[in-house]
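Chemist: Heads up: the protein sequence lines correspond to chains A and B, in order. At position 14 of the first sequence the residue is numbered 13 (the working numbering), and the sequence of numbers has no breaks. To get the working numbering, take the position in the second sequence, counting from 1, and add 760.
Think of the hints as simulated: they come from the structure by calculation, not from any bench. Bear in mind that the values here come from a model prediction, so they are computed numbers and not experimental data. Positions of the beta carbon are idealized from the N, C-alpha and C atoms, including for glycine. Hints are supplied without guarantee of correctness; some may be wrong.
Just so you have them, the derived chain B footprint on chain A, three or more residues with Cβ under 8 Å [said to hold, decoys possible]:
(1) 13-20
(2) 74-81
Lysine to any residue pairs mimicking SDA-like chemistry, simulated, CA-CA at most 25 Å apart [to be verified]:
(3) B/K813 to A/D81
(4) B/K778 to B/T871
(5) B/K769 to B/G857
(6) B/K798 to A/G39
(7) B/K800 to A/D81
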Amino acid sequence: GQSLEQPSEVTAVEGAIVQINCTYQTSGFYGLSWYQQHDGGAPTFLSYNALDGLEETGRFSSFLSRSDSYGYLLLQELQMKDSASYFCAVRDRGRNSGGYQKVTFGTGTKLQVIP
Amino acid sequence: DTEVTQTPKHLVMGMTNKKSLKCEQHMGHRAMYWYKQKAKKPPELMFVYSYEKLSINESVPSRFSPECPNSSLLNLHLHALQPEDSALYLCASSQEGQNYEQYFGPGTRLTVT
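Chain A with its partners taken away, still in its complex shape (with noise of 0.2 Å):
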């Protein structure tokens, strides 16, 4: 079956680095989204990976490897502005969508930056 895990929750300082892992196990694995949910607001698109390595962003980075199935979302100079929720998404060839693309979001993780 499909799994996508990550942290809950992660606390981090204004002006530093986090980082959010995204553990996934899948079949007919495309690639892995990030987004950004602010608490009452819309989830926003940040990134998509589908080859190894890193993407850069401005101060958000996304990494996947795909023969570890994990990916991690990396924000650096962190502000208070961040605290949000985290999703990965994987997207991947669903079991019963005739071959469809589908995109699947992780539980996500709440990010709180504390001064």
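Given chain A's structure and the hints, the job is docking chain B onto it.
Modeler: Relative to the frame of chain A, chain B by itself:
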């Protein structure tokens, strides 16, 4: 325009009511999605439309009925809902074939009494 809009923002309905949720995007996206999100949980996919045709129904009960009148609009018709259907309903869109990068609307907070 990179915005997905949803109406209404909040909806309270009784179990015998019929209501509709609306979603609109003007980004030229040909894939549109409905998700249900409970508090402190991830979004759960309900339906996917591709080029205005339903391509995925995640075994959603028939009391939820989606409709895609044109490439910019997506509706979700609600009828005879249960209290456990209370949740945030999110609409999203993406380029066809790029479902890894979805743009979400602000959602409709639904309460079923």
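Chemist: With reference to the structure, classify each hint as holding or not holding.
Modeler: Each hint, compared with the structure:
no. : hint             : in the structure
1   : 13-20            : violated (count 0)
2   : 74-81            : violated (count 0)
3   : B/K813 to A/D81  : violated, 37 Å
4   : B/K778 to B/T871 : holds, 13 Å
5   : B/K769 to B/G857 : violated, 29 Å
6   : B/K798 to A/G39  : holds, 12 Å
7   : B/K800 to A/D81  : holds, 17 Å
Consistency note: the structure conflicts with the earlier hints numbered 1, 2, 3 and 5.
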